[in-house]
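Model the placement of chain B on the given structure of chain A, informed by the hints.
There are 2 protein chains.
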Amino acid sequence: MIVSAKWKGLTDAKLDNAEVIVEGRDDYAPGSIDYVMSFTPPPGKLASLPNLKAAFCLGAGVDGFLSDPNYPRRVPLVRFVDRTLSAEMTQYLLLQILMHHRRQRFFDAAQRAGQWRQETLQRRTEDTRIGFLGLGAIGSFAAKRLIDLGFQVSGWSRTPKDIPELKSFTGDVALAAFLGEVDILICLLALTRQTAGILNAKTFAALPKGAFVINVARGAHLVEPDLIAALDCGHLSGAALDVFAEEPLPSQSPLWAHADVTITPHIAAVSQPQVVLDYIRDGIAVFERGETPATVVDINTAY
Amino acid sequence: MIVSAKWKGLTDAKLDNAEVIVEGRDDYAPGSIDYVMSFTPPPGKLASLPNLKAAFCLGAGVDGFLSDPNYPRRVPLVRFVDRTLSAEMTQYLLLQILMHHRRQRFFDAAQRAGQWRQETLQRRTEDTRIGFLGLGAIGSFAAKRLIDLGFQVSGWSRTPKDIPELKSFTGDVALAAFLGEVDILICLLALTRQTAGILNAKTFAALPKGAFVINVARGAHLVEPDLIAALDCGHLSGAALDVFAEEPLPSQSPLWAHADVTITPHIAAVSQPQVVLDYIRDGIAVFERGETPATVVDINTAY
Chain A
1 MIVSAKWKGL TDAKLDNAEV IVEGRDDYAP GSIDYVMSFT PPPGKLASLP NLKAAFCLGA
61 GVDGFLSDPN YPRRVPLVRF VDRTLSAEMT QYLLLQILMH HRRQRFFDAA QRAGQWRQET
121 LQRRTEDTRI GFLGLGAIGS FAAKRLIDLG FQVSGWSRTP KDIPELKSFT GDVALAAFLG
181 EVDILICLLA LTRQTAGILN AKTFAALPKG AFVINVARGA HLVEPDLIAA LDCGHLSGAA
241 LDVFAEEPLP SQSPLWAHAD VTITPHIAAV SQPQVVLDYI RDGIAVFERG ETPATVVDIN
301 TAY
Chain B
1 MIVSAKWKGL TDAKLDNAEV IVEGRDDYAP GSIDYVMSFT PPPGKLASLP NLKAAFCLGA
61 GVDGFLSDPN YPRRVPLVRF VDRTLSAEMT QYLLLQILMH HRRQRFFDAA QRAGQWRQET
121 LQRRTEDTRI GFLGLGAIGS FAAKRLIDLG FQVSGWSRTP KDIPELKSFT GDVALAAFLG
181 EVDILICLLA LTRQTAGILN AKTFAALPKG AFVINVARGA HLVEPDLIAA LDCGHLSGAA
241 LDVFAEEPLP SQSPLWAHAD VTITPHIAAV SQPQVVLDYI RDGIAVFERG ETPATVVDIN
301 TAY
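Listed in order, the protein sequences are those of chains A and B.
Here the numbering used here is used: the first residue of the first sequence is 1, the next is one more, and so on.
Here the numbering used here is used: the first residue of the second sequence is 1, the next is one more, and so on.
Just chain A, with the same shape it has in the complex:
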């Protein structure tokens, strides 16, 4: 069995009973490839592998595969779902939420000014409403931790979620009602035709004044000029962005210098090579037994 990989973290990839070919580094016969692992395979690449049994996405979002119009629909596509990845993303969300909620930027400024400014929270924890756009494995994990810390948490998702103390919203009609009750909005959606550009002027207008926005999904979810306009008119109080329409974020982007925007370079949750490899090794074993892993994506819905 030969597996093709293209990710610098996997250049020394070792899988039991498999020869790993790193694309671009080795020659290989297209018909010899049984499995592929990638974030974003070149369009048409998968269709050129006649004996491909399955494709493994190295991250949680599979838009890098399904954006290929020639994706071979007969090939099962497996998402990376892992507790470590969920915990890392939750760490990032907690950090950005708490920097905002606990006014860390305010206290940093007070410290720089040498001032003891004993301000309390602008809004008590139990009155602070955190809303998730997307409540998959990662969102559900994070939501439970935020509920545990005393926040009000809601979520908008394709299917209703039954999480204790979480208010679940479903469907396009409910989106405005969901947004109207959110002080901190988190985008964790899969990127699909339906969700691209969902963080736009209309969405921001539906949020209460002073809301804060966090995008950790994909850059294409956000209409960047709409965010800047909503910040500059004072409707939104701030944003934390880890993903961007173009990465690296171009140096001329006005986001870099915006006082109310925190920028991180797509580091919220990084898959660890060995954890991913263990996951893929287990997944290959399932396919080789003639079964299908639970985390295979529905190609039609991209979930």
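Calculated from the structure, these hints are not laboratory results.
Hints are supplied without guarantee of correctness; some may be wrong.
You can't tell identical chains apart in this list, so a pair holds if it fits in one copy or across any two.
Think about it this way: if two alpha-carbon atoms lie no more than 30 Å apart in a straight line, the pair counts; the simulated BS3-like pairs of lysine-lysine are [what the hints assert, rightly or not]: (1) Lys167 <-> Lys209; (2) Lys53 <-> Lys14; (3) Lys202 <-> Lys161; (4) Lys144 <-> Lys209.
Positioned in the frame of chain A, the structure of chain B alone reads:
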């Protein structure tokens, strides 16, 4: 029944079936006071109240009462223990831990410079060891959440703790061994004669190089010049301090401008007036039934 209070948050205090006297605002007969609630009563004050049935501390640490050499030992002293307070402190700890662990200051500097610097964590979460000095109600609550997020967690406490996946150390002899395995040290100890000054040069020297220190207990736990020396020689990588020997922190303190120190003005966990009042109302009811609340402090050990 008359209750004496001295806290701006309680100036409108209402307790069922009780008249609340706010000290300094009203005249009162010392013999009319049944209960006192305070953070730090003036030394000798409690001894001047002949009919005092119990004293309620408005916070988790009772050193403001027990530092009074004339504290009337016959009077039960009740600590404030509350899930909300534990969750608020945990929020603060998560924020400071994650700012350090996830390199937020580094990414802030990169953003100011307009640079996309996609650095990974300096240390993976599962290799990062967080150690608690003090594992009471608040420390135990926080420790469990950090374990859940993937950190290695240990604790040094008076009595051994049985928390799943937590490494428990007890007693003076074990202190150095505990410190030798800690990358992020959190002080949550009660302030007693034994613990005052515990964050000193010897303690810092026992930590691995590059360790980070968080003090959210009392300013008197920390020997501030020892901290500055340990930071300046590069042994410690940073500190986050919410409490200080003198509060407000004097403007001439070198801590204000230290590049590796985050200062917050004693805001980590603020007791909420109504939550505290509900707690005290319930506690008074217990005493009036002739019983003793579970959170009465042992005057001899201060725990």
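Evaluated hints:
With identical chains, the CA atoms of lysine 167 and lysine 209 are at most 30 Å apart within one copy only, with a shortest distance of 21 Å there and 46 Å across copies. When the C-alpha separation of lysine 53 and lysine 14 is checked against a cutoff of 30 Å, the pair qualifies only within one copy, where the shortest distance is 19 Å, while the shortest distance between copies is 71 Å. Proximity of lysine 202 and lysine 161 under a CA criterion of 30 Å is satisfied intra-copy only: 25 Å inside one chain copy versus 52 Å between copies. When the C-alpha separation of lysine 144 and lysine 209 is checked against a cutoff of 30 Å, the pair qualifies only within one copy, where the shortest distance is 26 Å, while the shortest distance between copies is 35 Å.
Hint compliance for this structure: every hint is met.
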